[in-house]
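*Asks:* Okay, here's what each chain looks like letter by letter:
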Amino acid sequence: MDYSLLLPELIVLGTALAVILADLFITRKKVLVGLALAGLATAIGMAIIQWPDAPQTLFGGMVAHDPFASFFKVFFPLMAGLVILASEDYVDKFRKYHGEYHALVLLAALGMMLIAQASNLITLYLSLEITAVAFYVLVGIQKDKKSTESALKYVLLSGVASAVLVYGMALVFGFTGSTGLADIAAAIQSMPPAEILNSPGLLMGLVLVIAGLGFKIAAVPFQFWVPDVYEGAPTPITMYLSVASKAAGFALILRVLGSAFVEPGALAQQWAPVVAIVSAIGMTLGNLMAIPQQNIKRLLGFSTVAHAGYILVGLAALGNAPDLSTLAVSSVLFYLIAFAVSDLAAFIAVIAISRRLGSDNFADYAGLARTSPVMAGALTLALLSLIGFPPTAGFLAKFYIFNAGVQADLLWLVVLAAINTVISAYYYFGVIKLLWLREPAERIDVPASGALKTALALSLIGILLFGIVPAAALELSEAAAAMFGP
Amino acid sequence: MEIPYLTLTIAIPIAAAILIAFWPRLPASGIKVLSLLATIVPFILSVIVFAGFDRTAGGSMQYAEKVSWIPLINANYALGVDGLSLPFLLLTTFIGFLVILISWKINLRVREYFAWVLLLQASITGVFLATDFLLFFIFWELELIPMYFLISIWGAGRREYSALKYVLYTLLGGAFILAGILILYFATGSLDIVNLINTDLTEVLKTSSLALTFVFFFLGFAIKLPVFPFHTWLPDAHTDAPTAVSVILAGTLLKMGGYAMIRINAAVFPEEALKFAPFILVLAVINVVYGGAITLKQTDIKRLIAYSSISHMGFVLLGIFALGQVSLVGASLQMVSHGVITGLLFAIVGVVMHNTHERSIPKLGGLAQQTPRTAVIFILGGLGAMAVPATSGFIAEVMVFLGAYSSGVVEGIQVFTLICLLGILLAAAYILWTVQRVFFGQPLPRFEGVHDADRVEQAFSVIFIAAMFVIGLYPRIITDVLDSGLKPIAALFGGS
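As given, the protein sequences belong to chains A and B, one line each in that order.
The numbers in our numbering rise by one with no breaks, and the one at position 385 of the first sequence is 385.
One rule links them: number in our numbering = place in the second sequence (from 1) + 1000.
I should point out that these hints are in silico values taken from the structure, not numbers from a laboratory.
It is possible that part of the hints are untrue.
Chain A side only, calculated, beta carbon under 7 Å to chain B, not exhaustive [what the hints assert, rightly or not]:
1) 407
2) 414
3) 419
4) 471
All C-beta atoms in this analysis are idealised placements derived from N, C-alpha and C, irrespective of residue type, glycine included.
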């Protein structure tokens, strides 16, 4: 047993415990932030050192150690670090829970890192719940009415989703006799295709698993929790949910569908159209419902539903043409990177602006470009990247994922996605219009802490870097996706 | 080391835009001078390129630059000019510095304004120079953001509506172009435009998907040109845009559509172009006749010029899809000529509006007495728009009509050509009628003492007019180059 390969996770866990302990004795809370960041940085460094050349499994196939997992072992701690940096201006609101807040952010990251490497339904479910429980508390940590309501909503709906997922897993286990993803794949491959398609229990299990995971990534029709939870949660947590937890969901869904249910083609042909339809409805509905929103967090919430739809194009491509799996999976991973930096930049700007305004209604953002051009510029760049304008990361991300779609014979879906981009431009430009074209009601400037500015600068650099010279990020995604190859 | 002329024509305006945006103490006058420099230098560079261009080399790309950019998908940073793109490079950089002169009186949010104009300039230049599909598309889309801000902040009337309409229409067109690019990329694994032109696509794509790809590209470019029924953004954008942006829009932006139709629809998909030509020619006829007719009933002077562009772009469409050597040269020349003439008309209409604070034609009148210089400039521009001999408009339209009529590639082309001739009549009617209503008749007392065109305005007008007559009197300066670039494309169709 090579426990050392779990060092990144153990470091994050240790840091979380250390933060809680330190909170008892240390009055200067900045130390906690430094501690958390140092722990995350070490974990990232360790994950990079341990980057594997060939996939292997640990603990009797419970945990995978492969480039795909390592990709996320770097991705999630990075996100957690940015969330902590961006939280600096926000944690005053719940000063009493300073230590717990940071520890929970770390624990959520731990859960998500485990999700990415789970190669057994049991570990998968456990890591999913570690993440979910941490998020339940984080969503409600503000303890005001809105926050409590959204936490409750999140707990209940997420609980139902978990139940559905477990039921689906039980069915899959029943039909294949195994909980290990590799064994499931082997069991399915040994069945004649006709038998697979004739076993409603297995298909039902698959559908339930997809449904349970669909909730996590807020795919339609499991998106209804998104706007309320996003609005009620503390903004840094909204950001964490929308970027990291969504990425975790995709990591999971890619891992499960990509490694256990791709072969034989007959089975993939069953779920690919379902994913394609979910994708089509998701992006359309998400965009249409974002149009009338007046609250920036709700707007971004609905827009992430739409973005989940775009990402599902890549997943549908995987199912439709398993031989293109490297392309499809790497396009999803690159999209996640691009979406992460863009959404982070948008949310960080919103955190800074909303704190100053005391409001999330974007009508109050009017004329911000005159009084605080840097913040307005940052938010504008982030929104342009979310639309997919060159030369931002969002553009290339769309290009790759559409590319995967076209190659997998999903032209109709790609055209629909492209048209959806136009729809999304309409409401994103609504915000941009307010920022730049209106006269400001009062002179406000947006002060921000150094930590927040650092996080913002990092994500803005990411937007431009991945948009103009994406080679490094692309190669990383490609390397991480290669293990799904036939 | 060789000087990367083409990159510089794009990089200099971008660098200046960044400098202007982030140099806080730069005064307004400094911004204007810097902008002028950052557009004159690319113009000089493109003149150097024009002078050094080898006209006998056929259709190959010259001054080519190529750097591997995203090796994973085989995308390169690749620029180059051939006989087709060179005149457009010249046109873009030419209009580029005139636009700065036209913007000289801007004093609202000066810093942002000039930064956006320079970025716009760079992205349009990039469209004409890119020989890599991804790069081409990036420049194609990049142009939208400056346009949005320029129209919606410095425009007039329903400027926000028009700006958003422009963005959404063009973005929709972009979506189709992107789909087309992806299909081609999927089939050939290449994003190199030159390479794709030389590839026989019938071997890698089914006929139905070839047709689909052709239509996708055409839709995207047709929105830009604009072709009926995708033209409705144009009058709105034109009318509400600030003067200088109208000049860019008419002068160079629309040409992106026509240029791309020749470069991609005709050169990459010759068989589909031939197949779809009759349908597209119907659209061309509608553009010419409907556009001209609707121009006649405009009462807003700026809207009038905008609609006249739709009619003139119909000629371009006719010339392109007649698919003959002469007609293609004529269509390209018409685009260049229209860029100059309509640029001049929009600029001088801007002067009229600025000085009289009036844009409704019925409320204007007799201005020739009060502002004689403005009147002369407008009338000279009008002569070009009416295609009077010795102007560039004349030679361009003659080539379009002669070339189309005798191209012999598309069946029934003579009928289409003859109907389109109506456009010339309509142009004469709306231009002369406008001149009469605006500049002649009884001078109105309310315009007593109105300013005439000032020095800067005279300066850019003279440059425009000079360009119009130079091309009109010695068209070979452009047509020789166009000829060398279009010969290989026309050869695909075997017409004359």
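*Asks:* Looking back at the hints listed earlier, which ones does the structure fail to meet?
*Replies:* The structure breaks none of the hints.
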